[in-house]
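Given these sequences and hints, build the entire structure.
2 protein chains.
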Amino acid sequence: MGNEGALEIEPLGLARQEDCLEGLTVVEGGGVSSARGFRAAGVHAGFRANPNRFDLALVVADEPSPCAATFTQNVFCAAPIIVSREHLDGVSHGLARVLVVNSGTANAATGDRGLEDARRTGAIVGATVGCPETEVMVASTGVIGVHLNMETFETGVPLAYKALSREGGADAARAIMTTDTHPKEAAVSFSGEEIGYPGCTFTVGGMAKGSGMIMPNMATMIACITTDAPVTSDILHETLSRVVSRTFNKVTVDSDTSTNDCCYLFASGAASNGAEPFARGSRALDVFERALYAVCRTIARDMAADGEGATRLITVRVSGAQDDRDADLAARTVANSPLVKTAVFGHDANWGRIAAALGRSGARFSQADVSIDMMGMPVLRKGLPVPFDEEEALRRFERPEIDIEVDLGAGASSTTLWTCDFSHEYITINGDYRT
Amino acid sequence: MGNEGALEIEPLGLARQEDCLEGLTVVEGGGVSSARGFRAAGVHAGFRANPNRFDLALVVADEPSPCAATFTQNVFCAAPIIVSREHLDGVSHGLARVLVVNSGTANAATGDRGLEDARRTGAIVGATVGCPETEVMVASTGVIGVHLNMETFETGVPLAYKALSREGGADAARAIMTTDTHPKEAAVSFSGEEIGYPGCTFTVGGMAKGSGMIMPNMATMIACITTDAPVTSDILHETLSRVVSRTFNKVTVDSDTSTNDCCYLFASGAASNGAEPFARGSRALDVFERALYAVCRTIARDMAADGEGATRLITVRVSGAQDDRDADLAARTVANSPLVKTAVFGHDANWGRIAAALGRSGARFSQADVSIDMMGMPVLRKGLPVPFDEEEALRRFERPEIDIEVDLGAGASSTTLWTCDFSHEYITINGDYRT
Numbered sequence: 001m002g003n004e005g006a007l008e009i010e011p012l013g014l015a016r017q018e019d020c021l022e023g024l025t026v027v028e029g030g031g032v033s034s035a036r037g038f039r040a041a042g043v044h045a046g047f048r049a050n051p052n053r054f055d056l057a058l059v060v061a062d063e064p065s066p067c068a069a070t071f072t073q074n075v076f077c078a079a080p081i082i083v084s085r086e087h088l089d090g091v092s093h094g095l096a097r098v099l100v101v102n103s104g105t106a107n108a109a110t111g112d113r114g115l116e117d118a119r120r121t122g123a124i125v126g127a128t129v130g131c132p133e134t135e136v137m138v139a140s141t142g143v144i145g146v147h148l149n150m151e152t153f154e155t156g157v158p159l160a161y162k163a164l165s166r167e168g169g170a171d172a173a174r175a176i177m178t179t180d181t182h183p184k185e186a187a188v189s190f191s192g193e194e195i196g197y198p199g200c201t202f203t204v205g206g207m208a209k210g211s212g213m214i215m216p217n218m219a220t221m222i223a224c225i226t227t228d229a230p231v232t233s234d235i236l237h238e239t240l241s242r243v244v245s246r247t248f249n250k251v252t253v254d255s256d257t258s259t260n261d262c263c264y265l266f267a268s269g270a271a272s273n274g275a276e277p278f279a280r281g282s283r284a285l286d287v288f289e290r291a292l293y294a295v296c297r298t299i300a301r302d303m304a305a306d307g308e309g310a311t312r313l314i315t316v317r318v319s320g321a322q323d324d325r326d327a328d329l330a331a332r333t334v335a336n337s338p339l340v341k342t343a344v345f346g347h348d349a350n351w352g353r354i355a356a357a358l359g360r361s362g363a364r365f366s367q368a369d370v371s372i373d374m375m376g377m378p379v380l381r382k383g384l385p386v387p388f389d390e391e392e393a394l395r396r397f398e399r400p401e402i403d404i405e406v407d408l409g410a411g412a413s414s415t416t417l418w419t420c421d422f423s424h425e426y427i428t429i430n431g432d433y434r435t
Numbered sequence: 436m437g438n439e440g441a442l443e444i445e446p447l448g449l450a451r452q453e454d455c456l457e458g459l460t461v462v463e464g465g466g467v468s469s470a471r472g473f474r475a476a477g478v479h480a481g482f483r484a485n486p487n488r489f490d491l492a493l494v495v496a497d498e499p500s501p502c503a504a505t506f507t508q509n510v511f512c513a514a515p516i517i518v519s520r521e522h523l524d525g526v527s528h529g530l531a532r533v534l535v536v537n538s539g540t541a542n543a544a545t546g547d548r549g550l551e552d553a554r555r556t557g558a559i560v561g562a563t564v565g566c567p568e569t570e571v572m573v574a575s576t577g578v579i580g581v582h583l584n585m586e587t588f589e590t591g592v593p594l595a596y597k598a599l600s601r602e603g604g605a606d607a608a609r610a611i612m613t614t615d616t617h618p619k620e621a622a623v624s625f626s627g628e629e630i631g632y633p634g635c636t637f638t639v640g641g642m643a644k645g646s647g648m649i650m651p652n653m654a655t656m657i658a659c660i661t662t663d664a665p666v667t668s669d670i671l672h673e674t675l676s677r678v679v680s681r682t683f684n685k686v687t688v689d690s691d692t693s694t695n696d697c698c699y700l701f702a703s704g705a706a707s708n709g710a711e712p713f714a715r716g717s718r719a720l721d722v723f724e725r726a727l728y729a730v731c732r733t734i735a736r737d738m739a740a741d742g743e744g745a746t747r748l749i750t751v752r753v754s755g756a757q758d759d760r761d762a763d764l765a766a767r768t769v770a771n772s773p774l775v776k777t778a779v780f781g782h783d784a785n786w787g788r789i790a791a792a793l794g795r796s797g798a799r800f801s802q803a804d805v806s807i808d809m810m811g812m813p814v815l816r817k818g819l820p821v822p823f824d825e826e827e828a829l830r831r832f833e834r835p836e837i838d839i840e841v842d843l844g845a846g847a848s849s850t851t852l853w854t855c856d857f858s859h860e861y862i863t864i865n866g867d868y869r870t
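These protein sequence lines are chains A and B, in that order.
What the first sequence shows, in my numbering, is residues 1 to 435, in sequence order.
What the second sequence shows, in my numbering, is residues 436 to 870, in sequence order.
Hint data in this document are derived by calculation from the structure and do not stem from the laboratory.
If you're wondering where the values come from, they're calculated on a predicted model, not measured in any experiment.
Any given hint could be a false lead.
What follows is a set of in silico ranges between Cβ atoms, one per label pair, in the way DEER data are often shown [said to hold, decoys possible]: (1) A/S245 - B/G797: 15 to 25 Å; (2) A/K382 - B/G797: 33 to 43 Å; (3) A/R399 - B/R520: 34 to 44 Å; (4) B/E673 - A/L394: 48 to 58 Å; (5) A/M377 - B/V578: 11 to 21 Å; (6) B/M585 - A/G376: 26 to 36 Å; (7) B/G797 - A/P400: 30 to 40 Å; (8) A/D324 - B/G525: 31 to 41 Å; (9) A/K382 - B/G565: 36 to 46 Å; (10) B/R816 - A/D234: 36 to 46 Å.
Now the stretches of chain B that chain A is said to cover, found in silico as 3 or more residues with beta-carbon under 8 Å [what the hints assert, rightly or not]: (11) 541-548; (12) 688-702; (13) 765-777; (14) 785-797; (15) 848-861.
Just so it is clear, CB atoms sit at the ideal spot from N, CA and C, and this is done for glycine as well.
Set out below in structure tokens:
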């Protein structure tokens, strides 16, 4: 019964994102090491028992590079988050060279020893790569409340360092997976020709992991994006914040915000032939932001589609809200409703549950103004049910992506969120996660 | 796999509530018609196809009686809620005689025709019982967006009226069930001897339904409580609000607040031998409030224990919060966390998920001050893991009630919430609710 109704979920990929690809070129098979100036690796170090499973990833910039990051707002934030924030804000002045990620153990709720372990991880990696430990960003994912095995870092980091290559992105993406069913990567490139950087081609690529405890709050799950575009730390941070708020922060698998969420963006500038960094307000920065958006949105959607036990990606669009906060509240309440998510799993166009979720969301509207479409079929218009063809609905439920569109009829704000259905498999996965 | 790990859930009943029964006597098998001055009935009227399933309940006071109610805050609130509120606030000045409830159809998101249907229901009942329609409270539960079959009311109401009796409470409790696995009733009595009402014995009894779309917001699912104590409308309303905020409003099955939540409390005064109503600040009112609390808490806990697909009742106690809002936020976030609920289903003492839920709740605290117990076993002390006996944990998971106790170490406020685990059965029930 666990896999009842399950589709083979494949990465949705950039191919399905034509709407955000104008002026950009998809890098087929691209990822976190597609941009020039970066190498990556994923190896089995031993954090996991299964020798066939990678569990340690390294992403290394050839030179200290501007780095921006967003972190979880969870009060129980994990030790690696605290240490990486110190490195980035303090000593390293927004420059970094390395991201190291282990999977299997989250190093969260581990007290002072956890902080020491995270710092020691930075020291081991710094010594191996040849950079100050403050240029090392540290991330962990896995079980909460368990201490890291530091011997595994001692032996694993040199192994990963030796494996570093321009083609290592795919292995790195594999090494950071927990309950993900496939790695999540994307990359796009754009020409510098018409934006003041003749002869240059810039690339933005990245990787991320899901797929449970996912409802990022001003931060994200573990994601790493690299670019060879020339961008200073300040501008990099502003741009990343804007893009994350529209992509990773619009994903929810299960309403549970993780203790370990983080998103890193490194900019090597290696494709600029020494030209000036992109300036604020320039066309170059605008194209860069769109490229970053395309990569982050692709990975974010893919994260929702590969949510634990998911059989369908659900896209919730809310328009007609009084302001952005109301739009987000309404869409997030629908996207987190267990009743809506189980109805999609059961292929039941039970829009009453969408209405009930909207009504409790806290968004301001009048029920007589609300319209709802499911999978392109009108089901509610101005608060009144619209008869629809149940057979046709069943056919449309075969699609891998289920659209829910809501017009609150109360204003001009809108938003889009991504989530997935709730299946038997979710219960199975999370009933025995530690066993 | 649907029933994997499922216990036979029985009503937890008053027997397990010793802590709130001081000075009260449990009325064995008692319910909504235990108090004097009330009769009740439950019949099969035809809202449901299955002729063996009751679907229409009547609770009738012999005389117009003070009545208090709390209603859902959902913007998509259902037609019967709107009509009952009009009746109670407006024309009937806090007096009412009848509650009529149908199950199978919620009469929510049904526009003007829904309002007309709810008013017409009141008129049919009023004509049958012999009272103004404004003394009739109307409630519906079932599928959203479907119109009521009014012919079923025309034939069903006289049938239910004929069946009214002092013993009809059990049938009424059965008639309001939807996905509940058993009816939810309780009653207690207390002597008037030492509280200024010599020779009198007062009773408080009630019924309610669950068991999905349950997270009441300043209101509750459908519940009806009756008493033969003499209490005026104003005091009745104040008392009900206080008790509901500590009982029904502390239940969450799935974080989904219904469109049809309502709780009614009727006070016939029939056991007072014509004495004055209970005065504000009197010992009599104090005992009455404790009796009401005992009945509502019993039914509320039972509602959580019988949540859709539940195999365990989960009681979440949070102490050490800065204020009541923080205590509720922390407890509610833990109680609604799909990861916590699936861990209990899987008998996994994965307290890291509790910590993660607390951390994202919005409650103010420092992780180094937090302690957590599961089923009486310390698992976290001052932010640090405490090794515990996993075998013993597995044994304690066999209990029907799983206690989670959290001390935030940030203040003096505390609260208790009740919820249930998330099972395969929840997915099954809600994947095909309409089919």
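Check: Are there at least three residues in the segment 848-861 of chain B whose beta carbon sits under 8 Å from a beta carbon of chain A?
Finding: It holds: at least three residues are needed, and the segment 848-861 of chain B offers 4 whose Cβ sits within less than 8 Å of chain A.
Margin query: Is 31 to 41 Å respected by the C-beta to C-beta distance linking A/D324 and B/G525?
Written below: 38 Å, holds
Margin query: If I claimed the Cβ atoms of B/R816 and A/D234 lie 36 to 46 Å apart, would that claim hold in this structure?
Written below: Since the Cβ atoms of B/R816 and A/D234 sit about 42 Å apart, the hinted range of 36 to 46 Å holds.
Notebook entry, point to check: Is 48 to 58 Å right for how far apart the beta carbons of B/E673 and A/L394 are?
Noted result: 51 Å, holds
Checklist line | Cβ distance range 11 to 21 Å for A/M377 and B/V578, holds or violated | finding: Between A/M377 and B/V578, where Cβ atoms are some 18 Å apart, the hint holds.
Notebook entry, point to check: Does 33 to 43 Å hold as the CB distance between A/K382 and B/G797, or does it fail?
Noted result: 35 Å, holds
Item checked: Distance restraint evaluation - B/G797, A/P400, Cβ atoms, bounds 30 to 40 Å -> 34 Å, holds
Item checked: 8 Å C-beta test of the segment 688-702 of chain B against chain A, three or more residues -> holds (count 6)
Notebook entry, point to check: Holds or violated: 26 to 36 Å for the Cβ distance of B/M585 and A/G376?
Noted result: Between B/M585 and A/G376, where Cβ atoms are some 34 Å apart, the hint holds.
Next item on the list: Look at the Cβ atoms of A/R399 and B/R520 and judge whether their distance stays inside 34 to 44 Å.
Entry: 42 Å, holds
Notebook entry, point to check: Quick check: the segment 541-548 of chain B, covered by chain A? Criterion 3+ residues, Cβ under 8 Å.
Noted result: The restraint on the segment 541-548 of chain B holds, since 5 of its residues have a Cβ under 8 Å from chain A and three suffice.
Next item on the list: Take a look at whether the Cβ-Cβ distance between A/K382 and B/G565 falls inside 36 to 46 Å.
Entry: 39 Å, holds
In this structure, every one of the numbered hints holds.
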